[in-house]
Amino acid sequence: MSKSLLIKLGLLVLAFALIPALLVGFDKGYYYQIATIAAIFMLLAASLHLVTGVAGLLHLGHAALYGVGAYVAAILGANHGIGFTLGLPLAGLSAAAIAFLVALPTMRLMSIYFAVATLGIGQMLYLVFLNWVGLTNGPNGVMLFSGINLFGLEIDSDLGIYYVVAGIVAISILVLNRLSHSYYGNALRSLREDDQCASAMGINVTVMKIQAFVISAFFAGIAGALWAYTTGYISPNDFHFSQSILILTMVVVGGLGSLPGVLIGALLLILLPEALRSVGDIRNIIVGVLMFSAILFLPKGLFGEVSALNFARRVLGQGWAAKKGEKGIGWK
Amino acid sequence: MKLTRRTALLLAAATALTPVAAFAQDSVKLGYQLPLTGNTAQYGQDFKDAAEIALTKFNASGALPVPVEIIYEDSRSDAKEGVTIARKFVDDKEIVGVLGDFTSTVSMAAAQVYKKAGMVQLSQTASHPDFAKISKWQFRNITTQDQEGAVNAQWMMDKGIKKVAVIAEQTDWGQSVAKGFVEPFEAAGGEVVYTEFFNRGLADFRSIITKLEDQAPDAVYTGFFYEDGAQFLKQMAQLDAEIPIYSTSAAYNDQLIELAGEAAEGLLLTATFLPTRMDANVQDFVTEWDKTHDHAPGQFPAQAYDAVNIMLAAVVKAYPDLTRESLRDAVAATSDFPGVTGNTTFDENGEPLKELTKASVVGGVFVEVE
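In order, the protein sequence lines correspond to chains A and B. Residue 0 is where the first sequence starts when you use numbering that gives the first Met the number 0, and the numbers rise one by one after that. Residue 0 is where the second sequence starts when you use numbering that gives the first Met the number 0, and the numbers rise one by one after that.
Everything labelled a hint here was simulated from the structure, so no lab data went into it. Keep in mind that the hints are not guaranteed to be accurate.
Claimed, not checked - Cut-off 25 Å, straight-line C-alpha distance, at most; resulting in silico cross-link-like pairs (DSS-like, lysine-lysine): (1) B:K92 to B:K47; (2) B:K114 to B:K357; (3) B:K290 to B:K316; (4) B:K357 to B:K161; (5) A:K27 to B:K28; (6) A:K27 to B:K178; (7) B:K210 to B:K161; (8) A:K27 to B:K115; (9) B:K161 to B:K135; (10) B:K47 to B:K233; (11) B:K135 to B:K158; (12) B:K135 to A:K27; (13) B:K114 to A:K27; (14) B:K357 to B:K56.
To be verified - Rough simulated footprint, nothing fancy, chain B against chain A, three-plus residues with beta-carbon under 8 Å: (15) 25-36; (16) 50-61; (17) 230-239; (18) 268-280.
Even glycine gets a Cβ: it sits at the ideal position worked out from N, Cα and C.
Please put together the full structure from these sequences, using the hints given.
As structure tokens, this is what we get:
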């Protein structure tokens, strides 16, 4: 059995056998909750990774697109009887559609101007959640009573919900992984390194940026729907600017441009504050100090891009290597 | 570590004492979720202080043969953390009831967990109109804006005020302030000439005040907390807008007067708690509070103090047959509970029915009027 298959199988066994076994063993709702939130934020970090890590666009409004997904899923579920099966893709598509609309005028902006534009978009969407009382119920938030109903199957056990969330997150991360470790991902990386050079090589810079932004928003929307369905109540505060910064921090601490890195970053920033609960009010200070030290001593992240790419090359390289009598594709 | 004779003796002593200690620690456990860090930490810290005063007094009173213990968990006013804490409390089979959270949104996200698991949740401040309606497990110890709005509407009617402008913050609470007042006021024949919601932390109210003055109302009804309230009052004074201002118990806070100074004079509001009231309960609480604080307790810590006492009284009622179910029924049966925020009775929805005091700022202090 090849090494790449072993790693993939290992991760699958971890996510779908070992962690559930531990959860069942402990039988604590608390651990289920942390596992669910960690999975949702891993997806958020992985989707931001495509825009900020790979394509190098500083995106400060990711939580708002996450909010669009959550609101679409919750409003469809609560007021229009559209359940999880249809609500989930619709949430992703709505977030992607909004991202497409805002991307059209902003994608020609460079560096810091783009960052400020996304900051503005994030605030605008947040204010829409807060002030469009007729649609979003404003600050009162939306309560979603219907549980997760997947193709007619009612899922209400803690373990079932974990499997649904982990399954959707795993598939999404798989897609994001293939996107960022491929010719497509390399083209996005070339935008980050030098977009004029990339343009001269025949890459349509603006179209590529819009694509990355829209795909990332789609997965943020999916994460939003998962949050709405697992919590049962959403309000504008869940999608505040501070959440965008939290997701961005996961990406930076984990490693800009490194998918395994951002997943580790997300896990760390969700698990650490919980693990430190017993130390009391100074836990946030400890998290801050650790983050600061991580950036100071590991500026490339906990699992930097170079290691991530080497890792991906080893894993994917076998699939792409030249077979007998054929021309090889990929990295080599 | 080398096993010397002394450590061996110590170990032996510790082993011998353990079962005794475990037995002595047999206690009733309650959970309290509240923001102890983050940008609403000042409220959470006050709740914790108030709860500790109530708990110390209770445990010293010997009303129960075992002590009651409160486990505090920091939610940072973040729904993610609030839900996680709720799951944690539900897991702990020894916890029979929960207090908190501070904001409505976190309380409501956590409420979904308590509803499913069947645990009584009593919030001292969650003011969202639907909070207590979520299930039979939710209660709150804050007067609803339907109650405060009706009292204010009647108060204005009694003074012959017919045209009112309504200014409230853009939160679930602010919305309920406007709705709670406008409905009874219009039903009584009054007219609302202008309504505006502002986002919390607004620095400049001048454009709102100018628009408000254009409508020439007889009075302004406001829904704000002390920070925004002080800004609003100061700017009203700067623009010489001499219109009587009515407000809710949320504005009741000494810091409002500190921040607004002269501009706070003449503010009219409804309140449930006045630290100056000559009532044994109130004075007990204020005396204890003053030992550790250099400012008088506001409305919110007083509500937290009462919420904890209501929960403790329910524990006594349900003891020794204390379960989550029996504690919930005992809380629901609370009737005429004498607290620092007036007497409390829960209606069938878990809403507190309280008497409201009318107050005004005179000479830099809140005083009861009439």
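Fill in: Violations among the numbered hints
Violated hints (numbers, rising): 2, 3, 6, 9, 10, 11, 14, 16; every other hint is consistent with the structure.
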